[in-house]
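With the sequences and hints as input, model every part of the structure.
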Amino acid sequence: MKDINYKEVLLKPIFKGNPVTVLVLGICSSLAVTVQLKGAFVMALSVIIVTGLSSFVVSILRNSIPNRIRIIVQLVVVALMVILVDQVLKAYAYSISKTLSVYVGLIITNCIVMGRIEAFALGNKPIPSLLDGLANGAGYGLILIVVAFFRELLGSGTLFGFRIIPQSFYDAGYMDNGLVILPPMALILLGLIVWIQRSIQKDLQEK
Amino acid sequence: MNTNGNTYTVIYSTVLVILVAAILAFVAMSLQDKQNENIKLETITKVLTAAAQSDDNVSIDETTDVLKMYTDMISAAFYVDGEGTVKDQMNMGKNNVKDIVVPSTSDLKKQNDIIKKIEDAKDEASRAELLKTLDLPVFVFNINGKTVTVMPCYGAGLWGPIWGYIALADDGKTIVGAIFDHKGETPGLGAKIAEAPFYLSFKGKALSDGEPVFAVEKGKHEGEPSCVDAISGATITSRALGIGINLWAKYYRPYLNASAAENAAQAAEDAATCPESVN
Chain L
1 MKDINYKEVL
11 LKPIFKGNPV
21 TVLVLGICSS
31 LAVTVQLKGA
41 FVMALSVIIV
51 TGLSSFVVSI
61 LRNSIPNRIR
71 IIVQLVVVAL
81 MVILVDQVLK
91 AYAYSISKTL
101 SVYVGLIITN
111 CIVMGRIEAF
121 ALGNKPIPSL
131 LDGLANGAGY
141 GLILIVVAFF
151 RELLGSGTLF
161 GFRIIPQSFY
171 DAGYMDNGLV
181 ILPPMALILL
191 GLIVWIQRSI
201 QKDLQEK
Chain X
1001 MNTNGNTYTV
1011 IYSTVLVILV
1021 AAILAFVAMS
1031 LQDKQNENIK
1041 LETITKVLTA
1051 AAQSDDNVSI
1061 DETTDVLKMY
1071 TDMISAAFYV
1081 DGEGTVKDQM
1091 NMGKNNVKDI
1101 VVPSTSDLKK
1111 QNDIIKKIED
1121 AKDEASRAEL
1131 LKTLDLPVFV
1141 FNINGKTVTV
1151 MPCYGAGLWG
1161 PIWGYIALAD
1171 DGKTIVGAIF
1181 DHKGETPGLG
1191 AKIAEAPFYL
1201 SFKGKALSDG
1211 EPVFAVEKGK
1221 HEGEPSCVDA
1231 ISGATITSRA
1241 LGIGINLWAK
1251 YYRPYLNASA
1261 AENAAQAAED
1271 AATCPESVN
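Protein chains in written order, with my numbering: chain L, 1 to 207; chain X, 1001 to 1279.
Everything labelled a hint here was simulated from the structure, so no lab data went into it.
Watch out, some of these pointers could steer you wrong.
[What the hints assert, rightly or not] Distance windows between CB atoms, simulated: (1) X:Glu1224 <-> L:Phe169: 25 to 31 Å; (2) X:Gly1005 <-> L:Leu179: 43 to 49 Å; (3) X:Pro1225 <-> L:Leu179: 33 to 39 Å; (4) X:Ala1025 <-> L:Glu8: 39 to 45 Å; (5) L:Ile196 <-> X:Ser1030: 42 to 48 Å; (6) L:Gln167 <-> X:Ile1060: 32 to 38 Å; (7) X:Lys1122 <-> L:Leu179: 55 to 61 Å.
[What the hints assert, rightly or not] With the C-beta cut set under 8 Å, the calculated list includes, among others, these residues of chain X facing chain L: (8) Thr1003; (9) Asn1004; (10) Thr1007; (11) Thr1009; (12) Leu1016; (13) Ile1023; (14) Val1027; (15) Gln1035.
Positions of the beta carbon are idealized from the N, C-alpha and C atoms, including for glycine.
Printed below as a string of structure tokens:
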């Protein structure tokens, strides 16, 4: 088996091979749950746990999985992790689980999770797979938090629910931007992030 | 080992699925109490929020100790039947907040099913029989000296149940607050019934004596006392809400009329015995 460069496994998904901005996966939830930082943060954490643990478990099972039902087995494992996360959130972070509503359940369909299992966990040992899953979840979470930061700041004038833009600004005529709250603006923000990344990382640009 | 054989595949998938099911069942059971507690707390918050809208000085936000506020403000909580007779008391948690009893949405659904049966009842006798079996929850709050009665309502929305809590003033008609919730209405459309601009539009309206008791309709209803503007793009949810309110208000009416008469008599008596307190 080839040697694994742990540094690359951990760092590549954060920036150079970010699942959201480079592979453009997991867009749906990153538009839906980024209105507030708190929700985005919990969502990011949930995805990190799900990608990490399901890659880990599938990697342990990888030599025993019948090839014909490989995808189904992966799906069962991912679904198990997602439901566990959902149940824990419902018990210990009820209000956040209400704001995230269906999107926690929809992590099952997040392409990043299945993508990493297929591309990495099936061919690598458990520990590297766990790290790869965690790192990809973190790459997704990072984008989520960056988008949510701007959306909450410009859309509600708060960060994590704390008022950042002082009342005197509002008295002077400043208004929160209602458009930023809506999903289309999240897509525009995401586009801007992709733009910035590609202008830094020239090798991503298509000729 | 041949991992591609039929027998192996079948056994593998069976074992995997049973194992996963066992894990999930175990986790669901161990977290159940905590989850139910959250749901109960949410119901209490909803009931209290509806009642608190009656007073601009009372506000509820994330930092409010809802349980304490609830036990401080509630003066009675009980069930009534369809004829207005007070039945069992609910534990208000005055001694221990953990004992607070509030009806869950499945309790509301049970009552809704009985109401539907009453609507379909063929003859007077079976109707009267069913009316007695109703257990409609009533919450009476004392908010800064004013009596506020909260009645729940329930209905079938577009994708699932919708329910709410309507706070009425001591005349049993004027709406002083309302709040709604839903299981899974369309976000951005039907889900707006649970959001602020919509439920706040109920405040200051009143349940009418005629038919319908209350309407949730599209159009301009600024002057009309028993009508609020429906949500654009959520026709079925809005209509279902209207139907739910009408149906439930009908069966609360006997109790509300009785308590309104009692409140009026009480007020008259107070005015007669100590007229200076009016000032």
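Now the hints, each set against the structure:
Checking the proposed 25 to 31 Å range against X:Glu1224 and L:Phe169 shows it is violated: the Cβ atoms sit about 39 Å from each other. Distance hint check: the CB atoms of X:Gly1005 and L:Leu179 are about 58 Å apart, inconsistent with the given range 43 to 49 Å. As the Cβ distance of X:Pro1225 to L:Leu179 is approximately 36 Å, the hint placing it in 33 to 39 Å holds. Take X:Ala1025 and L:Glu8: their Cβ atoms lie about 40 Å apart, and the range 39 to 45 Å holds.
Range check, L:Ile196 to X:Ser1030: Cβ separation about 45 Å, and the 42 to 48 Å hint holds. Distance hint check: the CB atoms of L:Gln167 and X:Ile1060 are about 22 Å apart, inconsistent with the given range 32 to 38 Å. The beta-carbon spacing between X:Lys1122 and L:Leu179, approximately 57 Å, falls within the hinted interval of 55 to 61 Å. A distance limit of 8 Å between C-beta atoms decides the matter here; for X:Thr1003 the minimum to chain L is near 5 Å, and the interface restraint holds.
Because the closest C-beta pair between X:Asn1004 and chain L is about 6 Å apart, less than 8 Å, the hint holds. Below 8 Å, beta-carbon pairs count as interface contacts, and X:Thr1007 has none with chain L, the closest being about 10 Å; its hint is therefore violated. The interface hint given for X:Thr1009 holds, since its Cβ lies 4 Å from the closest Cβ of chain L, which is under the 8 Å cut-off. The beta carbon of X:Leu1016 is positioned within 8 Å of a beta carbon in chain L (closest approach about 6 Å), and the interface hint is therefore held.
Interface restraint check: X:Ile1023 against chain L, minimum CB-CB distance 7 Å, threshold 8 Å, status holds. With a least beta-carbon distance of about 6 Å to chain L, the hint placing X:Val1027 at the interface is held under the 8 Å criterion. With its C-beta approaching chain L no nearer than about 5 Å, X:Gln1035 sits inside the 8 Å limit, and its interface hint holds.
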